[in-house]
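Protein chains: 2
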Amino acid sequence: MNRQRLALRFKPYHLQLKNTFTLARSSRTTTPVMLTEMEYNGLTGYGEASMPPYLGESHETAAQFLSLLKLDQFNDPAQLENILDYVDGVAPGNCAAKASVDIALHDLLGKMMGQAWYQIWGYDRTLMPPTSFTIGLDTEAVVRQKLRDAAPYKILKVKLGRDNDREMIETIRSMTDLPICVDVNQGWSDRQQALDLIFWLKEHGVVLVEQPMPKTAIDDMAWLTQHSPLPTVADEALQRLEDVKKVHGVYSGINIKLMKCTGMREAHKIMTLAEALDLKVMMGCMTETSCGIAAAAQLSPRADWADLDGNLLITNDPFEGLKLIDGKIVLNNHPGIGIKPRDLSI
Amino acid sequence: MNRQRLALRFKPYHLQLKNTFTLARSSRTTTPVMLTEMEYNGLTGYGEASMPPYLGESHETAAQFLSLLKLDQFNDPAQLENILDYVDGVAPGNCAAKASVDIALHDLLGKMMGQAWYQIWGYDRTLMPPTSFTIGLDTEAVVRQKLRDAAPYKILKVKLGRDNDREMIETIRSMTDLPICVDVNQGWSDRQQALDLIFWLKEHGVVLVEQPMPKTAIDDMAWLTQHSPLPTVADEALQRLEDVKKVHGVYSGINIKLMKCTGMREAHKIMTLAEALDLKVMMGCMTETSCGIAAAAQLSPRADWADLDGNLLITNDPFEGLKLIDGKIVLNNHPGIGIKPRDLSI
Numbered sequence: 000m001n002r003q004r005l006a007l008r009f010k011p012y013h014l015q016l017k018n019t020f021t022l023a024r025s026s027r028t029t030t031p032v033m034l035t036e037m038e039y040n041g042l043t044g045y046g047e048a049s050m051p052p053y054l055g056e057s058h059e060t061a062a063q064f065l066s067l068l069k070l071d072q073f074n075d076p077a078q079l080e081n082i083l084d085y086v087d088g089v090a091p092g093n094c095a096a097k098a099s100v101d102i103a104l105h106d107l108l109g110k111m112m113g114q115a116w117y118q119i120w121g122y123d124r125t126l127m128p129p130t131s132f133t134i135g136l137d138t139e140a141v142v143r144q145k146l147r148d149a150a151p152y153k154i155l156k157v158k159l160g161r162d163n164d165r166e167m168i169e170t171i172r173s174m175t176d177l178p179i180c181v182d183v184n185q186g187w188s189d190r191q192q193a194l195d196l197i198f199w200l201k202e203h204g205v206v207l208v209e210q211p212m213p214k215t216a217i218d219d220m221a222w223l224t225q226h227s228p229l230p231t232v233a234d235e236a237l238q239r240l241e242d243v244k245k246v247h248g249v250y251s252g253i254n255i256k257l258m259k260c261t262g263m264r265e266a267h268k269i270m271t272l273a274e275a276l277d278l279k280v281m282m283g284c285m286t287e288t289s290c291g292i293a294a295a296a297q298l299s300p301r302a303d304w305a306d307l308d309g310n311l312l313i314t315n316d317p318f319e320g321l322k323l324i325d326g327k328i329v330l331n332n333h334p335g336i337g338i339k340p341r342d343l344s345i
Numbered sequence: 000m001n002r003q004r005l006a007l008r009f010k011p012y013h014l015q016l017k018n019t020f021t022l023a024r025s026s027r028t029t030t031p032v033m034l035t036e037m038e039y040n041g042l043t044g045y046g047e048a049s050m051p052p053y054l055g056e057s058h059e060t061a062a063q064f065l066s067l068l069k070l071d072q073f074n075d076p077a078q079l080e081n082i083l084d085y086v087d088g089v090a091p092g093n094c095a096a097k098a099s100v101d102i103a104l105h106d107l108l109g110k111m112m113g114q115a116w117y118q119i120w121g122y123d124r125t126l127m128p129p130t131s132f133t134i135g136l137d138t139e140a141v142v143r144q145k146l147r148d149a150a151p152y153k154i155l156k157v158k159l160g161r162d163n164d165r166e167m168i169e170t171i172r173s174m175t176d177l178p179i180c181v182d183v184n185q186g187w188s189d190r191q192q193a194l195d196l197i198f199w200l201k202e203h204g205v206v207l208v209e210q211p212m213p214k215t216a217i218d219d220m221a222w223l224t225q226h227s228p229l230p231t232v233a234d235e236a237l238q239r240l241e242d243v244k245k246v247h248g249v250y251s252g253i254n255i256k257l258m259k260c261t262g263m264r265e266a267h268k269i270m271t272l273a274e275a276l277d278l279k280v281m282m283g284c285m286t287e288t289s290c291g292i293a294a295a296a297q298l299s300p301r302a303d304w305a306d307l308d309g310n311l312l313i314t315n316d317p318f319e320g321l322k323l324i325d326g327k328i329v330l331n332n333h334p335g336i337g338i339k340p341r342d343l344s345i
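Read top to bottom, the protein sequences are chains A and B.
Residue numbers are given in numbering that gives the first Met the number 0: position 190 of the first sequence equals residue 189, and the series is strictly consecutive.
Residue numbers are given in numbering that gives the first Met the number 0: position 341 of the second sequence equals residue 340, and the series is strictly consecutive.
It should be emphasised that the hints constitute simulated quantities derived from the structure, not laboratory data.
All values reported here derive from a predicted model rather than from experimental measurement.
Where a beta carbon is used, it is the ideal one built from N, C-alpha and C, also for glycine.
Heads up, a few of these hints could be off.
From the structure, some residues in chain B lie toward chain A, with a derived Cβ separation under 10 Å [what the hints assert, rightly or not]:
id, residue
1, 82
2, 83
3, 118
4, 126
5, 185
6, 267
Restricting the straight-line Cα-Cα distance to at most 20 Å, the calculated cross-link-like pairs of lysine to aspartate or glutamate (EDC-like) are [claimed, not checked]:
id, chain 1, residue 1, chain 2, residue 2
7, B, 69, A, 84
8, B, 279, A, 241
9, B, 268, B, 80
10, A, 145, A, 169
11, B, 279, A, 84
12, B, 201, B, 241
13, A, 201, A, 189
14, A, 10, A, 84
15, A, 214, A, 235
16, A, 268, B, 325
17, B, 268, A, 303
18, B, 268, A, 176
19, B, 153, B, 325
20, A, 268, B, 169
Isolated chain A, as found in the complex (with noise of 0.2 Å):
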């Protein structure tokens, strides 16, 4: 009988941003991160939380949760739903310090299986859809510097929802013609205005529009989806499986993020539901290590948009194995999720 257990270490890391990271709501230029590593017969399976402070986890919550779970009960890593359903029940909330033990768990059982995580949910990694480069709000300089950055990328995403939109969305324009995604982040709040400004923006070359609305404006949600030209996605509005019903019927899409629904299993539950309902899926990111994108691109394959430049947009990644071709993650045939750690003391 295998005596091995499961053991689990997480160590606080500061994410530095290239540029400050402005959204509708706040700004900064650092993000908190949780790296976690799982351990279990001789393997390591590498982890991560993402905590940008306004979706309300830390360094001090994450290292709390972490410190709770009692994962030496499990000697057998391949009862992911078990333990997994473990980790949910210990605390509510503390969906990004969940992930980064999900993320771990899942590195370790692919390097235990001898397989990429894409491989072993049947996906074909040649499907990858390109990944959108994101253009935060700023001025127009800056725009330009970071349009300059996003060179090899194939489609772009605009974070809109001030008082500039049509103003972003027309520098943009006078210097590129690549598609544009464009993420509101419920900053709309009239159904008729939004409306036109989406006819307008799909004049403009743009393919998407990202959570236009408070999440909490269901019925006109619904409504602005009925009448959309162009496909409406839910960020703010789901976090969790149990919110895709919720969200069916009230945008055409959806953006699955690891670190808002506990991490790779339940983003893949979340993917099947999705093709169930006939919604869209955009596999989306925090500002992240390569290891948080590593795990999201595993699901990717089978997603229609991929927003995942989180790794892309940070100075100090500390991980390596993430491959970026002509805008596209190349995911690469590693066990597990694919990345290694580049400073091994970590």
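We have chain A already, so just place chain B on it with the hints.
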């Protein structure tokens, strides 16, 4: 570069039933199945299509469908989604024939990964529900004989829906106190009479009612489920993934059968969807060899009920490897679905 190609073989076979199998609308002594083998790189996966005549498939339709498949276009069995999307798209219907490809591919892939599918899916095999043993509609003498055959089982399944429902249950209750699932196969037409009977059945130790009314009686079924003291389970009302949302709110649970839903891939997705929609899950079967039953059993640790006695009802099972201990299937940890042919010459 790997130049190996997938190769599929198939062979018709007749299952000999131990007892004449009687449903509300038909009876028979054999079931036609198609046995399949998928070969790649020296490994072989086994599959099966079971085709009770009332479902519309036959040796002829299955051979015709399987002959259409050009699987040698695929050189990577791990592209499960691509391969099975292709198979599903070749022609409509043919769900059992499609399942015979799906099961063989899963068995092959599990062997390539060195893992049983319950392990790949992260399930705990010790959570397997007890297998229910089916007692068909018959004379009291035959029912008494069948009950003696059912001695090792912890739960019974009884076919109702003719004019002797109470008599059947009373006969069984005179001989055993085991819990009973009843399967009405759409046999009841009046919802109030159905409800009265369900209350009576509950008093007699029945634990669930499968497909009590016609699958088209949606409003009556929703009413019945709302008022029923026992869970109701959709069988004929649910075939594939797209049907799950239709039975949500109408039944308490669903009966997933690989032969209805094209196999393990879609069954796993249906199970995920059921979990998200709070539908209970029964894993069911046709009369099948140990191959089809083993494939369904891989999914069953996550199910609420296992109705997987199809292989116990036949006298010429060409496979072995499926163990039943104390009324539960005990999954082995052999890679794939865990069975092997008794006679290697098939």
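query = Can you name, in rising order, the numbers of the hints this structure does not satisfy?
reply = 5, 7, 12, 14, 16, 18 and 20
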